[in-house]
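Enquirer: Each chain is listed here by its residues.
Number of protein chains: 2
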Amino acid sequence: MSEEIKDENKEIVENEQVEESLTEEALEDIVEEEINEVEEAQQLASEWENKFLRVSAEMQNVQRRGNEERLQLVKYRSQDLAKKILPSLDNLERALAVEGLTEDVKKGLEMVQESLKAALKEEGVEEVAAEGVPFDPNFHMAVQTVEADEEHPTDTVAQVFQKGYKLHDRILRPAMVVVAQ
Amino acid sequence: MSEEIKDENKEIVENEQVEESLTEEALEDIVEEEINEVEEAQQLASEWENKFLRVSAEMQNVQRRGNEERLQLVKYRSQDLAKKILPSLDNLERALAVEGLTEDVKKGLEMVQESLKAALKEEGVEEVAAEGVPFDPNFHMAVQTVEADEEHPTDTVAQVFQKGYKLHDRILRPAMVVVAQ
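Sequence lines, in order, name chains A and B.
Take 1 as the starting number for the first sequence in full-length UniProt numbering and just add one per residue.
Take 1 as the starting number for the second sequence in full-length UniProt numbering and just add one per residue.
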């Protein structure tokens, strides 16, 4: 509509030959109309500019969040499978603890154990330090206590029942330990 | 600058009392100036609108691609660790094939094998069908051929040297097979 008004006014002003002369009042009205038009259009431009700036900022946020999320997904991608493999490692340790294994069997079991540990290590899985270190509830689960002595000072891990594992900085399962008190 | 021109024109038109009457020509000039202003502002509005529309469309693409990528990352997250665990499964199978294992040791090995396979299966890892199926270069690597016979028709897998595995639809490693020809 504003486009129409503008074109109309333009025509009126340009066709001076036809409508020989416009009255001053008519011209003043046209000027005012045009001034309103300018304000309206500038308002509109500023609205679209703001919308553009908002959506641009939003897109940067979306991209930043997406990148962070992707990095996290990649970093911890092995978490689920690694967690599920830990019982196999436990079983292997138990099997290796059986008395009277032949050399062949022992070697075979150790090979499996080594290859599993190597695979996990490559993906960032590590054993949690336990035996002899200060008790840390972030990495250790106390299942029993013993009296502290010279060898096992108060609040250190005296014995490990089951190894704990972490993936980078994230705990997969805590070590089950006996704490000296 | 355009803002200044507009305000100036407005003042000129409104202060009729002061400059008692503007000539028609001066008024016509003002009208033309204002018309140009309108065009300029409308042009600007339409430019910002287009920029807004472009960046909005781009954002939708970024979000869609991000979601697709995330789904892929999650679906195949276990790929690297699973691949690295396959040699452990091979070692277990070899250990289980050793003659004269005691019942205890055999049971222990089978437990480890079962728990590993279960962990892999939960993450979507499956053995590739091989023995007796038609040879498929997508899943099988032919390392030897034998004469086809009644039991092993042409172009089927006659024997499996090493098991193959896939993660969902993606091959982790092909089965090493003997093909009947």
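Derived from the structure by calculation, the hints contain no laboratory data.
A couple of the hints might just be wrong.
Each pair may be met inside one copy or between any two copies, as identical chains are not told apart.
Stated by the list, open to error - With a cut-off of at most 20 Å between alpha-carbon atoms, the simulated EDC-like pairs for lysine to aspartate or glutamate come out as follows:
hint : residue 1 : residue 2
1    : 121       : 32
2    : 163       : 131
3    : 166       : 58
4    : 163       : 80
No experiment lies behind these values; they were computed from the predicted model shown.
Enquirer: Would you list, in rising numerical order, the hints stated earlier that this structure does not obey?
Expert: Hints 1 and 3 contradicted; others consistent.
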